[in-house]
Structures are given as C-alpha cells and as structure tokens.
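Residue numbers (my numbering), protein chains in the order written: chain U, 1 to 247; chain G, 1001 to 1165.
Worth double-checking, as some hints may not be accurate.
Claimed, not checked - Below are the SDA-like pairs computed for lysine to any residue, each with C-alpha atoms no more than 25 Å apart in a straight line:
| hint | chain 1 | residue 1 | chain 2 | residue 2 |
| --- | --- | --- | --- | --- |
| 1 | G | LYS1042 | U | VAL199 |
| 2 | G | LYS1141 | G | ILE1152 |
| 3 | U | LYS140 | U | ILE59 |
| 4 | U | LYS140 | U | SER61 |
| 5 | U | LYS193 | G | GLN1006 |
| 6 | U | LYS79 | G | GLU1062 |
| 7 | G | LYS1046 | U | ASN54 |
| 8 | U | LYS140 | G | TRP1029 |
| 9 | G | LYS1046 | U | LEU246 |
| 10 | G | LYS1118 | G | THR1138 |
| 11 | G | LYS1055 | U | LEU246 |
| 12 | U | LYS88 | G | THR1022 |
| 13 | G | LYS1042 | U | LEU246 |
| 14 | G | LYS1084 | G | SER1106 |
| 15 | G | LYS1042 | U | VAL63 |
| 16 | U | LYS88 | G | PHE1025 |
| 17 | G | LYS1042 | U | SER61 |
| 18 | U | LYS79 | G | GLN1070 |
| 19 | G | LYS1042 | U | ILE66 |
| 20 | G | LYS1042 | U | GLY207 |
| 21 | G | LYS1042 | U | THR55 |
| 22 | G | LYS1153 | G | THR1138 |
Don't read these hints as lab results, they were simulated from the structure.
Given the structure is predicted, the values throughout are model-derived calculations rather than measurements.
The residues making up each chain are set out below.
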Amino acid sequence: MSASGEKHSPLEQFEITPFVHFEVGSVDLAFTNSSLAMVITTAVITLFLTLSVNTRSIIPSRVQLISELSYGFIAQLLKDTVGEQGRKYFPFVFTIFMFVLIGNMVGMLPYSFTFTSHIIVTFALAAVVFVGVTILGFAKHGMNFFSFFVIPGLPWYMLPLLIPIEVISYLSRPISLSVRLFANMLAGHTLIKVFAMFVITMPFYSGVLPLAFIVALTGLEILIAFLQAYVFAILTCLYINDALHLH
Amino acid sequence: MPQLEQTEFFISQLFWLVVIFTFLFIFLWRISLPRISSVLEKRESKIDDDITSAKQLQAEAEEIQKQIDQQLRNARLETSELIKTASTKFQNHTTKELHQLDNNLSNTIEESATTIKKNIKDSLKQIHDQTYLIAKLTLSKISNVPVNDNEIKDTVDQLQPKVIN
C-alpha cells in the first residue's frame, strides 16, 4: 500500500514488479516479484522436507512428523481416488499440492506476493495436469480413450447431444481448475485489502471493527489456502483416475 | 486487473514457473520423497520385526507357562503321594507302637498281679506263723499245760481265712 495515498486500488497487490530483466531475443524473461515468491515457496518446501527428515529417526520429531503426515495425506488421497496404480504419479501430485499450498501460505504473509492469484500461473499448472492426463489416457487406451466421452448405457439417439457436452466438459477442465484457484485467491486477498482500507479511512474508533474482520478473514483465508491446494490435488487425482480407468 | 493487463510478463511468469516447478518436482521426486519413504519403510519394517519377535516371545512364554503348569501338576501329585505314603507309614508305625505298648503293659500288669499275689501269700503265711508262735507262747505262759503243736496249728488254721491260693 502506498503511504502517499496515490494508489488505493485493492488490486494493486497483484501487480507484477520486475526486479531483473533477462532479454532473450525479443522476449523479456524478467525475474519478478512473482518469480521471487515461487523461489521462496520452493526454498521453503525443499528445505523443510530435507531438513525435517535429516535424522531419519524411527521415532519422529514434531517437524519430521509434519513431513511424514503431508506425505501420508497425499499418498492416502491418491490411493483412495486412483488405487494402487496411482503410486507412480505420487511425486507429481505431491509437488502440485505442496507448490500450491505453500504458494498460497507465502501469499498470506504481509508484503509478500501470491503467485497463485495470477490466472496465467494457475492456468499453466492446470494445463500441465490436463495435457499430462490426456497423454496418459491415450497412452493407456489408444483411440479407445474417446469412449470416455460416451456414457455407458445411454440410448444411441442421445449421443449427438451428450457427446459434445462431454467433450466441452472435458475441455473446460483446465479452465475450471485454474479459475477456481485464481478466483479464490484473488477474492480473498482483495477482500482483506478492502477491509484494510476501511481501517485507515474510517474514523479512529470505528476502524477497530474492520480490523477485527481482517483478523477473522485472515483465518478464513488460511483455511481457503489449504482447501484450494487440496481441491487442486484431489481433482488432479480424479483426472488421473479417469484417464486410467475411463468410466 | 493486473492479472489480465500485464500481459508483457506472461512469458516470464510461465518461464520461471516451468523452471522452478520442474526443479521442485525433480528435487522432491529424487531427493525428498525417497527420504521420507525410506523412513516410513524403515519404521514399518521395524514395527513388523517387533511384532514378529513379540509373537515369537509370546509363543515361547506360553510354552514355558505350559511347562511350569505341568511341573506344578507333577509336584502336586508327588506331594500328595508323599503325604499319603508318610501318613500310611506313620499310621502303621503308631499302630505297631501302640500294640507293643499294650503288650508291655499287659505283661507288666500280669507280673505285678503275680508279685502282689505272692506277697499276699507270703504275708499271710508270715501272719499265720506269727499267730501260731504267739498262741503257743501265750498258752505256755498262762497255763503251763503242755499243748500239742498240731492242735494249736489246727486251731490257728481254722481261724485263718483261706486267702492263699
């Protein structure tokens, strides 16, 4: 927030600020505040997961237990949705979950940046899932993968109507997956910022109310940060399951 | 909205996302997750080993308990047998001793009765003799009549109770 009062848009917090410019041909691969948030997120995940299990003790410390619980949480999620066949996709789902979760959490820190509030980032992640799952489906079933769009037991005359709906539904997966995360992060952070402005603009004593609301909203946002990472991971698991088992 | 307005940073965001996400994926896949997995496997195998060894120890303990029970049963049987034997032996010994004691007492009583009878006989004979002498002396002192010894003896004999025999 600008102290001078020139900018008071609640969307200002989502602005990309380049730190270092890398010109490759005509393309600028600038290292921005978004990239920095990603680097911090990655550093937190790698350091935590490496250092917490450094001792590899049979009886875990509390920190080691957190790593083990997060491992077990995703492993169980994958087992429940995909089954034993899903084990080989565990590193990918775990990476997605941790990246989105810690990215959301890092975004909750004051003056930091939420890279998951950018549609281009969430869409890229969703696109990776979508393309990967589609390739997996074709690799597993070949052309038979198209039978995924035909609902078993349906009368033939319904097919012309329902196949396009199924195809559109399938193609909209990356959009829904990415927009869900992006919109949740955007809405939550914008709301907090709006209430933060109320704290400043309202008369002294009445500003306490929006401040209390911010505290409550921050708690809710932390819950949403976890929930959205979970939703992203579980949908990835379900898409993998669809690709492996069709119907 | 900066998300849709700052399109000039789309490529850089995608580039850094690909680089960082790929690094994170490879790091977790190759380094972090195998470590956590190995710890979990180690723990699982330790728990399995402990359970196996606990089951083995339990089986051994049950076997030992069986042996102890068997030994206790045998010991009780032996004790019971010993008590029975000792009791019988003691009873026989006591009966024998009592029998012996009865015999001894009977003999002693018989001997005592014989001795008493003999003593009575001797005493009566002595009384008879003394009575005879006293009677003889008394008659000779008071009458100066010669008295036949046999008469005195017959008279004393008649007065004496027939105790002897």
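A quick look at each hint next to the structure:
The straight-line distance between the Cα atoms of LYS1042 (chain G) and VAL199 (chain U) is roughly 54 Å, outside the 25 Å bound, and the hint therefore fails. For the proposed pair LYS1141 (chain G) and ILE1152 (chain G), the alpha carbon gap of about 14 Å is at most 25 Å, so the pair holds. The hinted pair formed by LYS140 (chain U) and ILE59 (chain U) fails the criterion: a straight-line CA distance of about 41 Å is larger than 25 Å. The suggested pairing of LYS140 (chain U) with SER61 (chain U) is violated, with an alpha-carbon distance near 42 Å, which exceeds 25 Å.
Restraint check: the Cα-Cα separation between LYS193 (chain U) and GLN1006 (chain G) comes to about 20 Å, which is no more than 25 Å; the hinted pair holds. Proposed proximity of LYS79 (chain U) and GLU1062 (chain G) is contradicted: the alpha carbons are some 40 Å apart, above 25 Å. About 19 Å separates the Cα atoms of LYS1046 (chain G) and ASN54 (chain U), which keeps this hinted pair within 25 Å; it holds. A distance of roughly 23 Å separates the Cα atoms of LYS140 (chain U) and TRP1029 (chain G); the hinted pair therefore holds under the 25 Å criterion.
Between LYS1046 (chain G) and LEU246 (chain U), the direct Cα distance comes to roughly 39 Å. Violation of the 25 Å bound is thereby established for this hinted pair. About 29 Å separates the Cα atoms of LYS1118 (chain G) and THR1138 (chain G), which puts this hinted pair outside 25 Å; it is violated. Taking the CA atoms of LYS1055 (chain G) and LEU246 (chain U), the gap is near 45 Å; set against the 25 Å cutoff, the hint is violated. Simply put, LYS88 (chain U) and THR1022 (chain G) have alpha-carbon atoms about 17 Å apart, close enough for the 25 Å limit, and the pair holds.
For the hint pairing LYS1042 (chain G) with LEU246 (chain U), the CA-to-CA distance comes to about 36 Å; that exceeds 25 Å, so the pair is violated. Distance restraint check for LYS1084 (chain G) and SER1106 (chain G): the Cα-Cα separation of roughly 33 Å exceeds the 25 Å cut-off, and the hinted pair is therefore not satisfied. At roughly 18 Å between alpha-carbon atoms, LYS1042 (chain G) and VAL63 (chain U) fall within 25 Å of each other, so this suggested pair holds. With a C-alpha separation of about 13 Å, the suggested pairing of LYS88 (chain U) with PHE1025 (chain G) holds against the 25 Å cut-off.
Restraint check: the Cα-Cα separation between LYS1042 (chain G) and SER61 (chain U) comes to about 15 Å, which is no more than 25 Å; the hinted pair holds. Between LYS79 (chain U) and GLN1070 (chain G), the direct Cα distance comes to roughly 52 Å. Violation of the 25 Å bound is thereby established for this hinted pair. Distance restraint check for LYS1042 (chain G) and ILE66 (chain U): the Cα-Cα separation of roughly 17 Å lies within the 25 Å cut-off, and the hinted pair is therefore satisfied. Restraint check: the Cα-Cα separation between LYS1042 (chain G) and GLY207 (chain U) comes to about 55 Å, which exceeds 25 Å; the hinted pair is violated.
Among the hinted pairs, LYS1042 (chain G) with THR55 (chain U) is consistent with the structure: their alpha-carbon atoms are about 13 Å apart, no more than 25 Å. Distance check on the hinted pair: LYS1153 (chain G) and THR1138 (chain G) sit about 14 Å apart at the alpha-carbon level, within 25 Å; holds.
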